[in-house]
Every structure is written in structure tokens, then in C-alpha cells.
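S.K.: These are the residues of each chain, in order.
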Amino acid sequence: MANLAAVVGIGQTKYTTKREDVSIAGLVREAAVGALRDAELTWDDIDAVIVGKAPDMFEGVVMPEIYLTDALGCNGKPMLRVHTAGSVGGSTALVAASHVQSGTFRRVLTVAFEKQSESNAMWALSNPQPFSTHLNAGAGGYFAPIIREYMRRSGAPYNVGIKVAVKDRLHGARNPLAHLQRPDITMEEVEESFMLWDPIRYLESCPSSDGACAMVIADEDYADAAPRPPAWIRGVAMRSEPTMYAGREEVNPQAGRDCAADVYKQAGITDPRKDLDVAEVYVPFSWYEPMWLENLGFAPEGEGWKLTMEGATSLDENGDIPWNPSGGVLSSNPIGASGMIRFAEAARQVRGDAGDHQVAGAKLALGHAYGGGAQFYAMWVVGADKG
Amino acid sequence: MKEIAIVGYQQSDCVADAGACNEVELIIPVLSKLYGQVGITNAQDVDFVCSGSCDYLQGAAFAFVMGVDALGAVPPIVESHVEMDAAWALYESMLKLRMGHADSALIYGFSKSSPGELPIVLSQQLDPYYLAPQWVDTVSLAALQARLLLDRGVISEQDMAEVVSRSRRNARNNPHAQLAGDVSVEDVLAEATYLSPLRRSDICPVSDGASAVVIATVEKAREWGLPYAVISGIDHCIETHHLGMRDLTDSMSTRRAAENAGAGDGPVDVAELYAPFSHQEIVLTRALGLDDKTSVNPSGGVLAGNLMMASGLSRIGEVFNRIVGGEAERGVAHATSGPCLQHNLVAVIEKAEAA
Numbered sequence: 018m019a020n021l022a023a024v025v026g027i028g029q030t031k032y033t034t035k036r037e038d039v040s041i042a043g044l045v046r047e048a049a050v051g052a053l054r055d056a057e058l059t060w061d062d063i064d065a066v067i068v069g070k071a072p073d074m075f076e077g078v079v080m081p082e083i084y085l086t087d088a089l090g091c092n093g094k095p096m097l098r099v100h101t102a103g104s105v106g107g108s109t110a111l112v113a114a115s116h117v118q119s120g121t122f123r124r125v126l127t128v129a130f131e132k133q134s135e136s137n138a139m140w141a142l143s144n145p146q147p148f149s150t151h152l153n154a155g156a157g158g159y160f161a162p163i164i165r166e167y168m169r170r171s172g173a174p175y176n177v178g179i180k181v182a183v184k185d186r187l188h189g190a191r192n193p194l195a196h197l198q199r200p201d202i203t204m205e206e207v208e209e210s211f212m213l214w215d216p217i218r219y220l221e222s223c224p225s226s227d228g229a230c231a232m233v234i235a236d237e238d239y240a241d242a243a244p245r246p247p248a249w250i251r252g253v254a255m256r257s258e259p260t261m262y263a264g265r266e267e268v269n270p271q272a273g274r275d276c277a278a279d280v281y282k283q284a285g286i287t288d289p290r291k292d293l294d295v296a297e298v299y300v301p302f303s304w305y306e307p308m309w310l311e312n313l314g315f316a317p318e319g320e321g322w323k324l325t326m327e328g329a330t331s332l333d334e335n336g337d338i339p340w341n342p343s344g345g346v347l348s349s350n351p352i353g354a355s356g357m358i359r360f361a362e363a364a365r366q367v368r369g370d371a372g373d374h375q376v377a378g379a380k381l382a383l384g385h386a387y388g389g390g391a392q393f394y395a396m397w398v399v400g401a402d403k404g
Numbered sequence: 202m203k204e205i206a207i208v209g210y211q212q213s214d215c216v217a218d219a220g221a222c223n224e225v226e227l228i229i230p231v232l233s234k235l236y237g238q239v240g241i242t243n244a245q246d247v248d249f250v251c252s253g254s255c256d257y258l259q260g261a262a263f264a265f266v267m268g269v270d271a272l273g274a275v276p277p278i279v280e281s282h283v284e285m286d287a288a289w290a291l292y293e294s295m296l297k298l299r300m301g302h303a304d305s306a307l308i309y310g311f312s313k314s315s316p317g318e319l320p321i322v323l324s325q326q327l328d329p330y331y332l333a334p335q336w337v338d339t340v341s342l343a344a345l346q347a348r349l350l351l352d353r354g355v356i357s358e359q360d361m362a363e364v365v366s367r368s369r370r371n372a373r374n375n376p377h378a379q380l381a382g383d384v385s386v387e388d389v390l391a392e393a394t395y396l397s398p399l400r401r402s403d404i405c406p407v408s409d410g411a412s413a414v415v416i417a418t419v420e421k422a423r424e425w426g427l428p429y430a431v432i433s434g435i436d437h438c439i440e441t442h443h444l445g446m447r448d449l450t451d452s453m454s455t456r457r458a459a460e461n462a463g464a465g466d467g468p469v470d471v472a473e474l475y476a477p478f479s480h481q482e483i484v485l486t487r488a489l490g491l492d493d494k495t496s497v498n499p500s501g502g503v504l505a506g507n508l509m510m511a512s513g514l515s516r517i518g519e520v521f522n523r524i525v526g527g528e529a530e531r532g533v534a535h536a537t538s539g540p541c542l543q544h545n546l547v548a549v550i551e552k553a554e555a556a
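Line by line, the protein sequences give chains B and D. With the first sequence counted from 1, adding 17 to any position gets you my numbering. With the second sequence counted from 1, adding 201 to any position gets you my numbering.
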């Protein structure tokens, strides 16, 4: 049986296109110092540091954690670097949690980041390989056909994605850290923005951001005495499936369904829409909200889009199950950090610390991340109570 | 804390150039042998899988992604990856077992270093603002370290040549070694320097290949009815990245990890050390407090073949082999990462007590 662990400190940078004022080290340190300050701890209180980011080619530094050890106060301690594609921010939080849940450490610092302005993410994702076909598609080009298949199967109206794009940007306008600040965005504006990868329009896509997110995760004894409310980790799960597999269900991937079932079971959740108060889910392209509503069991297959259109996932429409009150990946996307931001924002909600995007009375929240071509999943459920 | 056992280990041959083999093709033969050794069908038969690899060695983002295709991950599996040597993937797996979310784990590491110029590629691992733009390669940094050790009288060139000679001789009994032979100290010293004071023989070769390990709780190992060795202690520690701020003639982080892992709590019959350069083996041997009673790198170590991202895991596997083979009762395995031994992991592996 795993030991209890909780998030006791959270730090995030402001997400933006280009942080020209800081180095990579300065960026990660800003988030780490924020998390320590929130936990009222110092560097000496930290037993181990767990770092995550997406491919090294995004900054052009091989294993950058080796150079970041000084900025993150790791010297003389264990330091671990996780990389599981776009899900990495979530996986990193789970690996960090395992340092405490295994009873090995009392307090660990975990940091995930991406400074995308240092390089070119599109190039880094699509460089030609000697033994395989050169796709040169980027992430949007990869997911567009899968979205079209979802639209065909579900018969969802064309403007579901447009609605999600507006909803998440209105959420983001409540969050001062969000990259895109668009309180005035409209359905018409999104619809008129140019088509990037049919059916994904420019404003239905995530931005490219610089940013870092950090958390301090502590054991039960420490969390009980923490200066601010802890977010108790109630369930942790990861799943992976192959990339090249003829029987793969890409619209509603089994790895995602299995991962959700696993984490719900641990947290005692039987009806996610009813039992959870809020969810921070990795939605980099608008249509992934209805797709993941189904994949994660918030709606029956083919009906996720109805929740979106009814406003069930919107704070502004007083929805019963707000998704991405922080503005989500559609409002800020430092890729390697995006998963951890979901996990941290879920924790902020149950700590009652989410400011203008707080879901009133949130007690139980889901943090979700996916990566690659949607073969990699990481999820946690955090609660205001130990459970 | 829960006792964790190693139940299987396989490594590919270390080859200078795997040709047209891709990473999946490097991994699959190793995993197949390991499944046979442990008596399982594929990754479905373990509770957790974790791997170590490096995107820059393959020259692609997400080098590990296709690795998952080698596992038989249908239905989906619980899987994770570190951008580190797979010895750290084993560390992560041990946490998973300790927290009770798994009773067994498959760990593998792989790389195909041959298509690039490895020392130059690794120069891009340095501080990106002050050091990487100078393209200081790993061999040059190691040469600076060796020079410091020689100038301070901590070691002699003879000492370094003895490390090489022993590695080559030991490697004769290692069917996977890339470099092996009856090489004397005099032969090594007669060689011209390559990057002074290093001779080519002081430097590990560049190798392609993979290795893999299965670990399990002791209860599971007994249930499987397999010979096993117990990981009685494990820890790792990183030091500052700034070489000028470190004592390069010592390895503080190895010393600390060894203390925390309990390396000195009993006799060390065998030690497998990840020393890519001959002088580093001496630094490590001293940091670990080993003496003549310990057989150091009986496999030949990485001077006989260096599988980036897998060599650390292989050190653990090699100690396991000595113990289940009855040649040793207690051993130490070491893994390293970063320039001049920046980050070090130490595992203590012991013979299983009779059930």
C-alpha cells in the first residue's frame, strides 16, 4: 500500500511567447522558488529533485537537467529526469510522487519546463529520419484526421471546436498566468481565423509558450502540518500503447480509458462527472475536449460534444463540471510543463487557491496529460481530504 | 522497506556500428532472450516498464516512442521513460515496487551512437550559454581531469595503463565485449597519446546496442522460482555542473551515494564501475573505498564496450550475473552521467538468503 503524499507548494511562471529576460536556468528557478515559498520551505528541506521536459531538441540542449542542477539546488542530492513525450509534465509529477509514496523520501521538488523560444518546436518534432517516412506534419497535422474521424462518428456540429476555443480563452482571461489573454474573444472571430489543418483553425490551436511549473510533494506528517492546505494525492496512473499497431483505436484510445479507470478506482470515483468537481485536461486542439470527455468517461461515446455545447464544462455558464478553468493548454503551452500545469492546477482547485478561476467548493479534481500521438497517458486525482 | 530482487539480465553485443538496424531492432533480440530467461511472454507479464534513452543519440525527438512498439503493449501497459541511463529507470522502477503499485518491472536501455560523433554530440550537454558554444567534447574534458590527477600525483600513467590492460584481459571472457585481448601495460604505454594525457586505449569505444533487466519483489521472484540477487541498497547523487567548482580528483557524489546505499557495510567481492575513461575507474575505486579484495570490472567494464544509456544498467546486470553464478556473494554496481562523473548511482547487490 502506498504511503500518503500531498502537494504542499506550487510555483508557476507567467506563460508567454518569449522570456528574453531569463536563461533556461532562470526560468526553472523562478517556478521552483515559487513552490518553495508557497510551502514555506528552503532548498535544504528538499530531499530529491525530479525534472521533466519534452524533447531536448526544443531548446537544443542534450539532457539540460545536468546543467540545471545548480539552479535547482540538486547538488549533493538525487536528481531524476523524466521524458514521456507531451504527457511528461504529468508523468514527472507521478514519478516525483512515487519518491514520497514509496516511503523513500519526505519532501521532494518537481519541476517541468519548456523554453520553446530557444528553438523551433515544429522542426524538432518533424526532422527527417533515416529509416522512416518523413511526415513533416507537426502535431496539428497528426491529430487533424483523427478529429475528422471523431466528427464523422459522432455527428457533432462543426462549431463544437469553436465553442471550446472560446470557452478556454475566457477561462484563461481569469488566470493572470495564462499566456493568451483574450477576454473579448468571440465565436465569429475563431470561425474566421485561418484553417491550419482542416478542421483545426488557428484559434483552435494551442500557443507556443515559455514557462515552468514546480511543486513540492511531501509525506503525510509534513503535509498535516503544512502552512497552507495540502492537495492529497488520491490516485496515480500511467498507460502507454504502441504507435504502429493496426488495431489501434486512435479516436478513443484504450490507453486513455484504462488509465482513467485505474485512477478512478484508486480514488473511489464511479461517476466522474458527478464525483469530480473540476478537471484540468490536456486539450491542445479544441476538439480534444469532446473526445476526452468520452475517453475519460464524463459522457457516453459519441456524446461528449453535447456537454461542451450545453456549457457543462464552462465556468462562465455555471457548468456542473468545469474543464480547464485555468484556460488549459489552449491558453498556455510550454509543452514539457503543460502536463504538470494541469496536475498543479487541479491541486490549486482543491487547495482553494485558484483565484478568479476557482471552482467554488472544489474538493476532488482530475489532472490529465497525454503525449506522442496520443499513446501516452498520465493522470492523478487530488482531493482536499485524505479520502 | 520491501526487499527487491533482480531476476534476469541480458545485453546485446557491443558493436561499433549496428548498420541499418534501428533502435527497435536493437532492443527486440535482447528482450526476447530476457523473456526466455525469466519465463515470460512479453511486457504484459510484468507490472511496470521503464526505459532509458537519449533523443540526441538518435537525432530525433521522442527516441523512446518507437521503443514501446518492441514491447507488445497491447493491451496498454504501465510504462515510463527517463532521459538518462537505464540504471535510473531501474531506480524509478524500484520506487514503483516499494509503493506497492507493482510486483515486477522490466527495465531496458538502448542507443545507437554510431551515426553521430558522440563526443561532439555530448558537448551539447554542457551549459548552453557559456560552455556548449565552445563545443568542448567529452574526451577533452576527461583529458583535463586526467591531467589534474597526474599533475597532483594522485595517479600515474602506469596506473591508467594497468586499468586498460586488466579491462582488455577480463573482456576476453565477455562474449559481448567490443575490445578484448592480451594487452600488457607496456603495450598501452607504448601507444601514442591521442588527447594528452589520454591514449586511445584510455577511452571507451563508441558502441551500439541495448541491455535489459527484470526486477521483482522477493515474493514474486520466489513465485517465479528463479535464481535471484537482492538489491540491498541504492542511491544516487549529482554534483555541480561547473567543473571549476568540483574536486575532479575525487567523486564526492559517488562517496555519498555509496554511504547511503550501505556499500561499506560488508565485504565487496565484485564491483562493476561505469568508468568511460581509465583514470575515472581509479577515482571511483577510491571513492568507493575498494581494495585488492574486490574484483573490479570482471566484465571488462565500459572500456571494453560502452552502450550509452544502457551501460549503467549493464553494470547492475553484470554484478547480478556474478552473484547468481556463485562467483560472488556481495557486489557494488555503479552508473554515471554528465561530464567528468557529475552524477553517480551506486547499488549494492547481495546473494539471496535461502528461502
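Derived by calculation from the structure, the hints in this document are not laboratory data. It is possible that part of the hints are untrue.
Unchecked claim - Subject to a maximum C-alpha distance of 27 angstroms in a straight line, what follows is the list of computed BS3-like cross-link-like pairs (lysine-lysine):
1. Lys380(B) / Lys323(B)
2. Lys494(D) / Lys234(D)
3. Lys282(B) / Lys234(D)
4. Lys380(B) / Lys291(B)
5. Lys403(B) / Lys203(D)
6. Lys282(B) / Lys380(B)
What the hints assert, rightly or not - Now the stretches of chain B that chain D is said to cover, found in silico as 3 or more residues with beta-carbon under 8 angstroms:
7. 31-40
8. 67-75
9. 92-103
10. 186-195
11. 325-337
12. 365-371
Unchecked claim - Some but not every residue of chain B turned toward chain D, in silico, with C-beta under 8 angstroms:
13. Ala19
14. Val78
15. Val79
16. Met80
17. Ile83
18. Ser115
19. Met212
20. Ala272
21. Asp275
22. Gly389
Think of the CB as a built atom: it goes at the ideal place given N, C-alpha and C, for glycine as much as any other residue.
S.K.: Tell me if the interface restraint on Val78(B) is satisfied: Cβ within less than 8 angstroms of some Cβ in chain D.
M.R.: holds, 5 angstroms
S.K.: Grab the minimum C-beta distance from Ser115(B) to chain D and call the hint holds if it beats 8 angstroms, violated otherwise.
M.R.: Holds, about 4 angstroms.
S.K.: Establish whether the coverage given for the region 365-371 of chain B by chain D is satisfied; the threshold is a Cβ-Cβ distance below 8 angstroms, and no fewer than three residues must meet it.
M.R.: violated (count 0)
S.K.: Quick one, is the Ile83(B) hint okay against chain D at 8 angstroms, beta carbons?
M.R.: With a minimum Cβ separation of about 4 angstroms from chain D (threshold 8 angstroms), the hint on Ile83(B) holds.
S.K.: Is the listed coverage of the region 92-103 of chain B by chain D valid when you require three or more residues with a beta carbon under 8 angstroms from a beta carbon of that chain?
M.R.: holds (count 11)
S.K.: With chain D as the partner, please determine if Val79(B) meets the hint condition of a C-beta pair closer than 8 angstroms.
M.R.: holds, 4 angstroms
S.K.: Quick check: the region 325-337 of chain B, covered by chain D? Criterion 3+ residues, Cβ under 8 angstroms.
M.R.: It is violated, with 0 qualifying residues against the three required.
S.K.: Have a go at the Met212(B) hint: is there a Cβ in chain D nearer than 8 angstroms to its own Cβ?
M.R.: With a closest approach of 26 angstroms, the Met212(B) hint is violated.
S.K.: Establish whether the coverage given for the region 67-75 of chain B by chain D is satisfied; the threshold is a Cβ-Cβ distance below 8 angstroms, and no fewer than three residues must meet it.
M.R.: The restraint on the region 67-75 of chain B holds, since 5 of its residues have a Cβ under 8 angstroms from chain D and three suffice.
S.K.: So if I understand the rule, the pair passes when the alpha-carbon distance is 27 angstroms or less; does Lys282(B) with Lys380(B) pass?
M.R.: holds, 17 angstroms
S.K.: Go check the region 186-195 of chain B versus chain D for me, would you? Three or more residues, Cβ under 8 angstroms, otherwise it fails.
M.R.: Three-residue rule not met by the region 186-195 of chain B, so violated; n is 0.
S.K.: Does the alpha-carbon distance linking Lys494(D) and Lys234(D) stay inside the 27 angstroms limit?
M.R.: Between Lys494(D) and Lys234(D) the Cα gap is close to 33 angstroms, so the pair fails against 27 angstroms, i.e. violated.
When held up to the earlier numbered hints, the structure conflicts with 2, 3, 7, 10, 11, 12, 19 and fits the remainder.
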